[in-house]
Structure formats: structure tokens, C-alpha cells
Amino acid sequence: MTATAQRSDRTKVGGRLAGRGDLTAFLMQLCEEVEADCYLLLAMHQTHDGPQPEIVSSNWIYDAIQLAGHALIAALAQGPLATGPGIRPQSVTTAQPGTIDGVLDSEEARMLDVLGHGEIFSLRLHIGHQRLFLLLSSADAGIIDPAKLSKIQFNCCYALSQMPELLSASRLQDPLSDRERECLFWVSEGKTTDDVAMILGVSSNTVNSYITHAIQKLSASNRAMAIATAIRNGII
Amino acid sequence: MKRRLFSAPIVEQNTAPLGVKVPAQTSATGKLPDAVRHCRWIATDLNAEHFGVYMLNVSSEGVTMTACFDSNYPEFCRAAPQLAGIDRKQLARHARASTAPCWWGKNAAFADVMQDLPFAPRIGASDISTSGLAFPVNTERGQSGVVVFSGTELMAEADSIHEFHGRCFSLFEAVYRIRRTEAERAPAISRRELECLRLTSAGCTSEEIARQLKLSVHTANQYLTQTAQKLNAVNRMHAVAKALRLGLIG
Numbered sequence: 001m002t003a004t005a006q007r008s009d010r011t012k013v014g015g016r017l018a019g020r021g022d023l024t025a026f027l028m029q030l031c032e033e034v035e036a037d038c039y040l041l042l043a044m045h046q047t048h049d050g051p052q053p054e055i056v057s058s059n060w061i062y063d064a065i066q067l068a069g070h071a072l073i074a075a076l077a078q079g080p081l082a083t084g085p086g087i088r089p090q091s092v093t094t095a096q097p098g099t100i101d102g103v104l105d106s107e108e109a110r111m112l113d114v115l116g117h118g119e120i121f122s123l124r125l126h127i128g129h130q131r132l133f134l135l136l137s138s139a140d141a142g143i144i145d146p147a148k149l150s151k152i153q154f155n156c157c158y159a160l161s162q163m164p165e166l167l168s169a170s171r172l173q174d175p176l177s178d179r180e181r182e183c184l185f186w187v188s189e190g191k192t193t194d195d196v197a198m199i200l201g202v203s204s205n206t207v208n209s210y211i212t213h214a215i216q217k218l219s220a221s222n223r224a225m226a227i228a229t230a231i232r233n234g235i236i
Numbered sequence: 001m002k003r004r005l006f007s008a009p010i011v012e013q014n015t016a017p018l019g020v021k022v023p024a025q026t027s028a029t030g031k032l033p034d035a036v037r038h039c040r041w042i043a044t045d046l047n048a049e050h051f052g053v054y055m056l057n058v059s060s061e062g063v064t065m066t067a068c069f070d071s072n073y074p075e076f077c078r079a080a081p082q083l084a085g086i087d088r089k090q091l092a093r094h095a096r097a098s099t100a101p102c103w104w105g106k107n108a109a110f111a112d113v114m115q116d117l118p119f120a121p122r123i124g125a126s127d128i129s130t131s132g133l134a135f136p137v138n139t140e141r142g143q144s145g146v147v148v149f150s151g152t153e154l155m156a157e158a159d160s161i162h163e164f165h166g167r168c169f170s171l172f173e174a175v176y177r178i179r180r181t182e183a184e185r186a187p188a189i190s191r192r193e194l195e196c197l198r199l200t201s202a203g204c205t206s207e208e209i210a211r212q213l214k215l216s217v218h219t220a221n222q223y224l225t226q227t228a229q230k231l232n233a234v235n236r237m238h239a240v241a242k243a244l245r246l247g248l249i250g
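Chains as they are written, first to last, in my numbering: chain H, 1 to 236; chain F, 1 to 250.
I should point out that these hints are in silico values taken from the structure, not numbers from a laboratory.
Predicted, not measured: the structure shown is a model, and the values here were computed from it.
Hints are not guaranteed to be accurate.
[Claimed, not checked] A short, non-exhaustive set of chain H residues, derived as facing chain F with CB atoms under 10 Å:
#1 I87
#2 R124
#3 G128
#4 K151
#5 F154
#6 A159
#7 Q162
#8 F185
#9 G190
#10 A228
#11 T229
#12 A230
Where a beta carbon is used, it is the ideal one built from N, C-alpha and C, also for glycine.
Just chain H, with the same shape it has in the complex (with noise of 0.2 Å):
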């Protein structure tokens, strides 16, 4: 087999997909399936001043996606445009951004169809706990077929599914260890840390550092907040 072939073998639904380069491979040949000019795939990370987006992987030109800045991608990704997985997704035209209410006004739009996003799907993606958003955008509206985008959608999320560990390289994963974790599960719980330290027999002491440690990891502030960090994250 030829190395070209051994690629889209791989790169094929359900192929392993084993690094960033068949990750790449793998976006261009959804976007061709679906005659889509564009993918940008993010992740959104909860944080103080609301969801942050982080940007996974990308084709949009680099002009673009600074000059749309990161909250009108968020915006895009998440808002009203976002299906989930069995249902019929819908698009915003830029030419008539008017399709969706409130999703773009009319200068950002301009902007998108200058830039070369004319029609633009956000596709809610979901791997195991872990949740993405893949938008796809065609130059011009009408070419992407909104039929096809629901097996593309599954597709994308089996295919993923088989590559956590570069999903999470980027993204906040379970840093803490299993006591850290088990005492600020318990915590969590309404235990107070003379109960957590009765459950797990230890010290109150003991409670007190791994919860310090677990703040700590999580960059939170205090109690409350790392519980909530831990359970947006899906840690416990």
C-alpha cells in the first residue's frame, strides 16, 4: 500500500486517527464530503468572565480569525446556531444575516462574507463527556446540504472519540489525584472536613492540604469555587 493510500485509509470514518496531522486530514475530508470551504473545531473553557473559546484545530486564514476575535467565534459556535447531535442544523447567511436573529449584526457579517464565509453550520460535537464545536462555512451559501451534515456530525464525533489524548492536551483534564479528587467529591457533598476525614480515615489535616493541593491545581480561589471548576469540567 502507498503511503497516500495508507493515509485516507486511516483517515476513512472509524480509521485511528493517531496525531495532529491525521486530525488535519481527517477535518479536510469531512469538509470535502459536505463541499464545505472552512472547519474550525473549539473547545469552550468556563472561566471568570464566561466561556472562553479555544480553538483545536483550523483552516480559517489567520486574518480571519483575528479580525473576528475570539467572542463573535463563541458567539457563533455556541449561540443559537449550535445543533446537537439528531437534529436538522441550521445556518446563518452572511449576505442576509437577518436568517437568525441576533447571531451577527450587519458589520460582522459584511465582515464574514468579506472574509470568505458566506454560509456558516456550527455542529455540536460531543466525545463521551467532552464537548466541541466544529463550525463549517462555504463561500457561498447554499452549497453545503444540511441532510449530509448529521452523519458528518456523528462521524466527527466517533472519529474523535478515538483521540482523547490530543483533545486533551490542550484542555483543562483531570489534574488531581484520586484522594484530591475523592475529598473534594465529598466536599461537594456538603461533608464538612472533619466528616471527609472520618470517611476516608485520615486526618483533618490531611483533608485540608489535599483540598488546599485541589484548589490549587484547579487555579480557583476557594472551596466553592473549585467544586464548581471540578464539576463544569466534569471531574466529579
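Using the hints provided, position chain F relative to the given structure of chain H.
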């Protein structure tokens, strides 16, 4: 076999434009028996005899599965035939880490179809008489679950797996909303109280909350105490955890 690619939504989808907040309660019009009926339709199309819908919860013992309903609704099957011979822990771990459907059993026709799907892993089963197919699902709010079908004559076409999976996603979203509405029905928590709770979850102290919301520290504390009581929580950390798990705050 009847195909329903985009089956009629069990619960009306929330398609309000950005910035217009639709209260979650108004969109949840479905009832659990409707959801069970939908699940039965999917089971019929898969030629499955048993089914079950489970929520996944992470506790100190790892990932656990909690049944929402199964084919014996409104009762629960004690023997859980849809999970016969399956290591529940393994299934739960898989569904939390991956969205790929997994399957088991030795029914030749079914196995032939599934073996050709490289993304769908086979999991070990000790009971060989039935085959099973499990679809990991998630809600928009991030609750994970798994929808399980089993039977001796289970059958699916390779091309229709993603359609079934789509229907399972819609089903689970509906089940989750129904359960959340039930949970919310208890005491009404005011917007102000929720705002305090949200700020607490962002790491703010009572003083900071008071400053941001232009309240006295005393009032902020009182709001948080009331919220904790309404949520049946023993302290504010417990209240934050409960509110997040119920989806009251994002």
C-alpha cells in the same frame, strides 16, 4: 424498517435567538411516558426486546449508571435483561470517555454488521444468547448517559447507526429536561439568589458578591443561606454543587 432521521422533537427545541432567554421550564412540555414510548419505537426499529436509559454519575467509586427507566416501565426489571452479562462499570467508563456506540453478543447477522464498523468497539459479555447495542449520549448541559438495547434478534444496518444515535440523543435530552423540571418544581429560587450562587461558584466571597450586586454583606449571606435551604443543602459549597448538577447555574 421505518426510518425517522429527524424524528419529531419530543420536547420542543430551544431555538430562541441569542440574548433572549427562554426559561427552561416553558420548553419542557414532555412527560416521561412519552419519552418511554419514543424509546420503545427505537427499540422496535432495532428489533430489540429490552431497553434502558441510564444517567452516568461520577462519584468516589468511579463512574456509575443510574436507571431513568427501562423496558419494564413503570416498574424496573430487577434482572435488567438489557444489561445481562455486561460489566456495567466497563460500559459506564466507555460511555463517559467516548461517544462511539459499543456492542456485544454473538448473533451472527448483527455481529457481521457491527464488525465492519471500525469505530464501534465490541465489549465483553458473558451471556451469549442476547446481543446488545449501547449508545453513549449527552445533553446540551453536559449530563452524560447511555441508551441500551438488547435482544436475541437485534438488527441494525451499518448506514442507519448514526440515525439511531441521533434519536437516542434527542430522547436523552428530553428525559433529562423532564427530570430537571421535576427537580425545579420544588422551591422557587429567585433570580437574585441564583446570581449570588453563580458568583459564589466563580470564587467570589460574600463581600465581593455584596459589592458587585450592590447589597449589604448581610443580605448576600442571607440570600445564600435561603438558597442552600431551598436546595436542601447543608452549606454553600453543597448548594453550588447541587445547583450546577441540576443545571440551575451554568
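Quiz item: Would the hint on G190/H stand, with a C-beta cut-off of 10 Å toward chain F?
Solution: holds, 3 Å
Self-check item: F185/H as an interface hint toward chain F, with CB separation required under 10 Å
Solution: holds, 5 Å
Quiz item: Is the shortest C-beta separation between A159/H and chain F less than 10 Å?
Solution: holds, 7 Å
Quiz item: Holds or violated: is there a CB of chain F closer than 10 Å to the CB of G128/H?
Solution: holds, 4 Å
Quiz prompt | Residue hint F154/H, partner chain F, criterion CB-CB below 10 Å | solution = holds, 4 Å
Self-check item: Interface hint for I87/H, Cβ within 10 Å of any Cβ on chain F
Solution: Nearest chain F Cβ about 6 Å off; hint holds.
Self-check item: Status of the hint placing A228/H at chain F (closest C-beta pair under 10 Å)
Solution: This hint holds: A228/H lies near chain F, its Cβ roughly 4 Å from the closest one there, short of 10 Å.
Practice problem: With a cut-off of 10 Å on the beta carbons, see whether A230/H makes it to chain F. | Solution: Constraint on A230/H satisfied, holds at 9 Å.
Quiz prompt | chain F contact restraint on K151/H - CB to CB distance below 10 Å | solution = holds, 5 Å
Practice problem: May I ask you to test the interface hint for T229/H with respect to chain F, counting a Cβ-Cβ separation under 10 Å as satisfied? | Solution: At about 8 Å, which falls below the 10 Å cut-off, the nearest Cβ of chain F leaves the hint on T229/H intact, so it holds.
Practice problem: Would you settle whether the hint for R124/H is holds or violated, based on the nearest Cβ-Cβ distance to chain F being less than 10 Å? | Solution: holds, 7 Å
Self-check item: Hint check: 10 Å Cβ-Cβ cutoff, Q162/H to chain F
Solution: Cβ of Q162/H sits 7 Å from chain F, so the hint holds.
Going down the numbered hints, you'll see the structure goes against none, and every one checks out.
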